[in-house]
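**Q** One-letter residues, chain by chain:
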Amino acid sequence: MSKKFISGIIGIIIALLIGALVMILQGYNPIETYQALFQVSLFGLSPLATTLKNSVPLVLTGLSASVAFASGVINLGQPGQLVMGALLATLGGLYLHLPSILMVPILILLAIAGGILWASVAAILKHVFNMSEFISTLMLNMIADYFTAWAIAYPFMDHTAFSPMTPQIDKAGWLPDIGGFNLSILITLLAMAFIWIVFNRWTAGYEWRISGQNSLFARLGGCNIEKNFMAVMLVTGALAGLAGGLVVMAGPHRFLKGLGANYAWDGIMIAIVANNGLLGTLLYGIFFSAIQTGALGMELITNVPSEISQVLQAVLVLVIVAGREFLSTVMDRLEARRKVLAARRKPKEREA
Amino acid sequence: MNILTGLITGMISGATPILLAALGGTFTFYAGVFNIAMEGMMLTGAFFAVLGSYFFQSWVIGILFAILGSVLLALIFIFFAVSLHTDEFVTGIALNLFALGATTYLLRQIFKVKGVFSSPGILAIPNLRIPFIDKIPFIGVILSGQNLMVYITVLIILLSAYLIFHTRFGLRLRAAGYNAVSLDSSGVSSAYMRVLSLLICGIFCGLAGAFLSLGYVRLFGENMSAGRGWISLAAIILVNGNPWGIALISLVFGFFDGLGLLLQGYNVPPQFTSMVPYLATLIALYFYSIRTRKSPLK
Numbered sequence: 001m002s003k004k005f006i007s008g009i010i011g012i013i014i015a016l017l018i019g020a021l022v023m024i025l026q027g028y029n030p031i032e033t034y035q036a037l038f039q040v041s042l043f044g045l046s047p048l049a050t051t052l053k054n055s056v057p058l059v060l061t062g063l064s065a066s067v068a069f070a071s072g073v074i075n076l077g078q079p080g081q082l083v084m085g086a087l088l089a090t091l092g093g094l095y096l097h098l099p100s101i102l103m104v105p106i107l108i109l110l111a112i113a114g115g116i117l118w119a120s121v122a123a124i125l126k127h128v129f130n131m132s133e134f135i136s137t138l139m140l141n142m143i144a145d146y147f148t149a150w151a152i153a154y155p156f157m158d159h160t161a162f163s164p165m166t167p168q169i170d171k172a173g174w175l176p177d178i179g180g181f182n183l184s185i186l187i188t189l190l191a192m193a194f195i196w197i198v199f200n201r202w203t204a205g206y207e208w209r210i211s212g213q214n215s216l217f218a219r220l221g222g223c224n225i226e227k228n229f230m231a232v233m234l235v236t237g238a239l240a241g242l243a244g245g246l247v248v249m250a251g252p253h254r255f256l257k258g259l260g261a262n263y264a265w266d267g268i269m270i271a272i273v274a275n276n277g278l279l280g281t282l283l284y285g286i287f288f289s290a291i292q293t294g295a296l297g298m299e300l301i302t303n304v305p306s307e308i309s310q311v312l313q314a315v316l317v318l319v320i321v322a323g324r325e326f327l328s329t330v331m332d333r334l335e336a337r338r339k340v341l342a343a344r345r346k347p348k349e350r351e352a
Numbered sequence: 001m002n003i004l005t006g007l008i009t010g011m012i013s014g015a016t017p018i019l020l021a022a023l024g025g026t027f028t029f030y031a032g033v034f035n036i037a038m039e040g041m042m043l044t045g046a047f048f049a050v051l052g053s054y055f056f057q058s059w060v061i062g063i064l065f066a067i068l069g070s071v072l073l074a075l076i077f078i079f080f081a082v083s084l085h086t087d088e089f090v091t092g093i094a095l096n097l098f099a100l101g102a103t104t105y106l107l108r109q110i111f112k113v114k115g116v117f118s119s120p121g122i123l124a125i126p127n128l129r130i131p132f133i134d135k136i137p138f139i140g141v142i143l144s145g146q147n148l149m150v151y152i153t154v155l156i157i158l159l160s161a162y163l164i165f166h167t168r169f170g171l172r173l174r175a176a177g178y179n180a181v182s183l184d185s186s187g188v189s190s191a192y193m194r195v196l197s198l199l200i201c202g203i204f205c206g207l208a209g210a211f212l213s214l215g216y217v218r219l220f221g222e223n224m225s226a227g228r229g230w231i232s233l234a235a236i237i238l239v240n241g242n243p244w245g246i247a248l249i250s251l252v253f254g255f256f257d258g259l260g261l262l263l264q265g266y267n268v269p270p271q272f273t274s275m276v277p278y279l280a281t282l283i284a285l286y287f288y289s290i291r292t293r294k295s296p297l298k
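These protein sequences, in sequence, are chains A and B.
Residue 233 in this note's numbering is what sits at position 233 of the first sequence, and the numbering runs on without skipping anything.
Residue 113 in this note's numbering is what sits at position 113 of the second sequence, and the numbering runs on without skipping anything.
Worth flagging that the hints you see were computed from the coordinates, not collected in a lab.
Being a predicted model, the structure only gives us computed values, none of them experimental.
The beta-carbon is built from N, C-alpha and C at its ideal position, and this holds for glycine as well.
Mixed in with the good hints, there may be bad ones.
[Claimed, not checked] Not everything, but these chain A residues come out facing chain B in the computed CB check (under 10 Å):
| # | residue |
| --- | --- |
| 1 | V22 |
| 2 | I24 |
| 3 | Q26 |
| 4 | L76 |
| 5 | L125 |
| 6 | A151 |
| 7 | Y206 |
| 8 | M269 |
| 9 | V273 |
| 10 | V317 |
| 11 | L318 |
| 12 | R324 |
[As the list claims (entries may be wrong)] In silico DSS-like cross-links for lysine-lysine, where the CA-CA straight-line distance does not exceed 30 Å:
| # | chain 1 | residue 1 | chain 2 | residue 2 |
| --- | --- | --- | --- | --- |
| 13 | B | K112 | A | K257 |
| 14 | B | K114 | A | K257 |
| 15 | A | K257 | A | K171 |
Full structure from sequences and hints, please.
**A** Take a look at the structure:
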């Protein structure tokens, strides 16, 4: 744990230094820029609340990817599952008119159903036709993207708007702020706690983890690989769908054009950086959200385009992952050298 | 007749970028590199092509820039995956993200626009008119007058097939993927072969990117590769890397791409016609899975 923590911190520092170098080359002041970036995203109650609210889709899609990858399922379909969840929740919010206490849970269930629905397409393709989920989820992402773009441009379009979007959902479906913090943060933490218990304490979670580490061992040990695959696919789809629903219910309260594009690969990116650890996913999700949230404010204060946050994120991913693997290779080599030295010393001791 | 030639031309222009990227990827496929960075390399190539063409007023420099940009990405891949032994899947995904972020950032920095940069100052790759052949009715329209990059692509198919299957280089390349340890023990570094394969992939993906931004359009748009790198990966997997198979399957994808464009003329919403190539990939995967199930070897 501490080793992971140290290599993460070192990676972040190196990545921020590389980012600073880029800024210097472009003629910006890196210290001012970083100061502005974290000032708008972390220091103070309201910036922190915004960062946490924005971290909801990142953490949830990150958890989805982490659980999938750690279970040996290459579900790259979070973007598609997210927009389908968002679409279903939006439609529920447009056509249902119930009191808030019923509306919110129903919309959340609809979002989860949307994610499960889209993940199940890939799961069925794998189960029935043995088609690799790696490519099929990617293709389904593009299809979901175009499908939702059509849905908000034709049948469910808000005709008073200038760009494709749906009308706002019923106010009863809006997630309220509690003490400045949006309710979606609490729901995310609950989902995180639930998935942590399933993954680390339940038999099912144990079987998933074992299948991810050694699928042959898991099969010989009596795990039903196919059943586990389906379960992981659907659970991770549910998480991504939930992310989409919460984005709509907490933020714009409608399905805007390009809603999914903002979170396209973020979940996968965060899972990779966190090495598929659930707690790490939560922390990195909040950290990446701080960078994204801060970038917008930074642009207003310092003239540095907010797009630099995308460069910064990719550098972070590369440096942290490479640093981690490099560190473990160096550790292995040192270990080997120590063993060699010890082995050399032994005969001499015997001679003496 | 017009619809048919339009469809065939659309098929060729749709197939070319996928084909070029897939041919690059097939070198890494044979060298045993799990390379999923074609998408990012193509996007970087497309951006640098516009950069070179716009600032130097020459499509040749545009193509050279595209290759440079794409190879730069390949070099980063080499540094992380070959030198530092970072996981190839992770490196590829991070590089795709990096390419998307960097091109979006540079688009904003250099051209001061968000989304799309298009200008009459960008010079496109010209079409090539072949004398005599263009006089032949029907076939002439298809064989002649295509973009120069299309003819280069045809040459690259021939070159790739020859390099991979008929030269010592190709033998070593395949050995690196088939059994890296035995290649190393025979005195040829398998890491070196992987580096070469990635550089070749970088060059071809650069060409693919140049065709995207300087072929039939003269613009760069954010994320304009739009999943073509992934389709080319699917194409490689479907035919186990064979260059001729890749050519065939890219034409099939190109056909559906062209069909999508054609359907737009019949009041089908553009979102549905844009889905067609991805649906085609899924259908192709379906046929692949049936074939592998029937084959006794698997």
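**Q** Less than 10 Å between beta-carbons is the criterion; does A:V273 satisfy it with respect to chain B?
**A** For A:V273, the interface hint holds, since the closest Cβ of chain B sits about 9 Å away, which is under 10 Å.
**Q** Is the hint on A:Y206 kept, meaning its closest Cβ partner in chain B is under 10 Å away?
**A** Where the cut-off is 10 Å and the nearest Cβ of chain B is about 25 Å from A:Y206, the hint is violated.
**Q** Do the numbers back the hint for A:V317, that is, is its least Cβ distance to chain B under 10 Å?
**A** 4 Å, holds
**Q** Can we keep the A:Q26 interface hint, with Cβ of chain B closer than 10 Å?
**A** 7 Å, holds
**Q** Using Cβ atoms only, decide whether A:L318 comes closer than 10 Å to chain B, and label the hint accordingly.
**A** 5 Å, holds
**Q** Given the hint that A:K257 pairs with A:K171, test it: the Cα-Cα distance must not exceed 30 Å.
**A** With Cα atoms ~21 Å apart, A:K257 and A:K171 stay inside 30 Å; holds.
**Q** Quick check on A:I24 please, does its C-beta sit within 10 Å of some C-beta on chain B?
**A** 14 Å, violated
**Q** Minimum Cβ distance from A:L76 to chain B below 10 Å?
**A** With a minimum Cβ separation of about 9 Å from chain B (threshold 10 Å), the hint on A:L76 holds.
**Q** Interface hint check: A:R324, Cβ to nearest Cβ on chain B, cutoff 10 Å. Holds or violated?
**A** 9 Å, holds
**Q** Given A:L125 as an interface hint, is the shortest Cβ-Cβ distance to chain B below 10 Å?
**A** 7 Å, holds
**Q** For the hint on A:A151, just tell me whether its beta-carbon gets within less than 10 Å of chain B.
**A** 9 Å, holds
**Q** Does A:K257 sit within 30 Å of B:K114, going by the straight-line distance between their CA atoms?
**A** Holds, at about 16 Å.
The structure fails hints 2, 7 (numbered hints given earlier, in ascending order).
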